[in-house]
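*Asks:* Residue numbers (this note's numbering): 17 to 220.
Hints are computed from structural coordinates only; laboratory data are not their basis. Mixed in with the good hints there might be a few duds.
To be verified - Okay, the calculated beta carbon distance ranges per label pair:
| id | residue 1 | residue 2 | range |
| --- | --- | --- | --- |
| 1 | S170 | R70 | 35 to 43 Å |
| 2 | A76 | P156 | 22 to 30 Å |
| 3 | S73 | D123 | 26 to 34 Å |
| 4 | A191 | S155 | 13 to 21 Å |
| 5 | D101 | E177 | 19 to 27 Å |
| 6 | R159 | D82 | 33 to 41 Å |
| 7 | R45 | M71 | 13 to 21 Å |
| 8 | R185 | Q94 | 21 to 29 Å |
Just so you know, these numbers come straight off a predicted model, no measurement behind them. The beta carbon of each residue, even a glycine, is placed where N, CA and C say it ideally should be.
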Amino acid sequence: MARPRMMMLLRHTALLALLVLLAGCSGMRIVDSDVHAYTTGPGVTPPMTYRFERMPSQQARGELQDRLEAIVQDALAQVGMLRDDAAARYSVSYDMRVARDPRAPWDDPPYWGGMRHGVVVTPAGTVVHVPMVALQVDSPYYRREVQLLVRRLSDGQLVFESRANHDGRWSDDAAVLPAMFEAALRGFPNPPQGMRRVEVEIPR
């Protein structure tokens with residue numbers, strides 16, 4: 017009787033682990049950014065038309081910079097900024113930095129732990145003891161920063177500055193960077209001054 021009970025317990029445990037895994041792979045995820053935002057004078061006032069300013073180093077990025085510019089343009093449109101190169105009142109400059117570390121600062125270095133034995137339950141319910149390698153490998157960790165600067169073209173005055181930082185294991189820049197620019201513009205054109213934490217939900 018003990019063996020059937022043990023097999024049933026192992027099956028239930030495996031099913032519970034699978035359900036937890038599936039729950040973690042569905043739904044939404046949160047991109048939490050530390051945002052530093054500042055404004056000067058009246059800030060950005062209507063009509064909020066702008067044009068982009070690219071630094072020489074950004075010109076050399078080609079298609080990558082075009083994709084990033086499209087992300088920024090979408091984020092600006094969400095807060096009422098309208099791109100109008102011919103009748104712009106403001107210029108917008110932006111930048112981003114992404115650094116990939118082999119592991120998080122709190123992770124242990126990779127190690128080789130030798131051979132151990134694990135338990136596998138087959139579809140037929142048979143419990144099999146198999147040798148397993150105790151090996152910890154690196155899990156990459158990403159540090160990202162985005163920055164936005166808005167200047168009034170009539171006098172060159174910097175009227176809005178915002179920077180967002182996010183660290184984490186997600187490697188998909190195409191999903192994380194838009195959330196970071198959205199965070200950097202939270203509260204625009206008159207965001208709280210100084211540093212705050214901003215959370216943006218995105219699909220998994």
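*Asks:* Please go over all the hints and tell whether each is borne out by the structure.
*Replies:* Tested hints:
no.	hint	result
1	S170 / R70: 35 to 43 Å	21 Å, violated
2	A76 / P156: 22 to 30 Å	26 Å, holds
3	S73 / D123: 26 to 34 Å	32 Å, holds
4	A191 / S155: 13 to 21 Å	18 Å, holds
5	D101 / E177: 19 to 27 Å	22 Å, holds
6	R159 / D82: 33 to 41 Å	24 Å, violated
7	R45 / M71: 13 to 21 Å	32 Å, violated
8	R185 / Q94: 21 to 29 Å	27 Å, holds
Checked against the numbered hints above, the structure violates hints 1, 6, 7; every other hint is satisfied.
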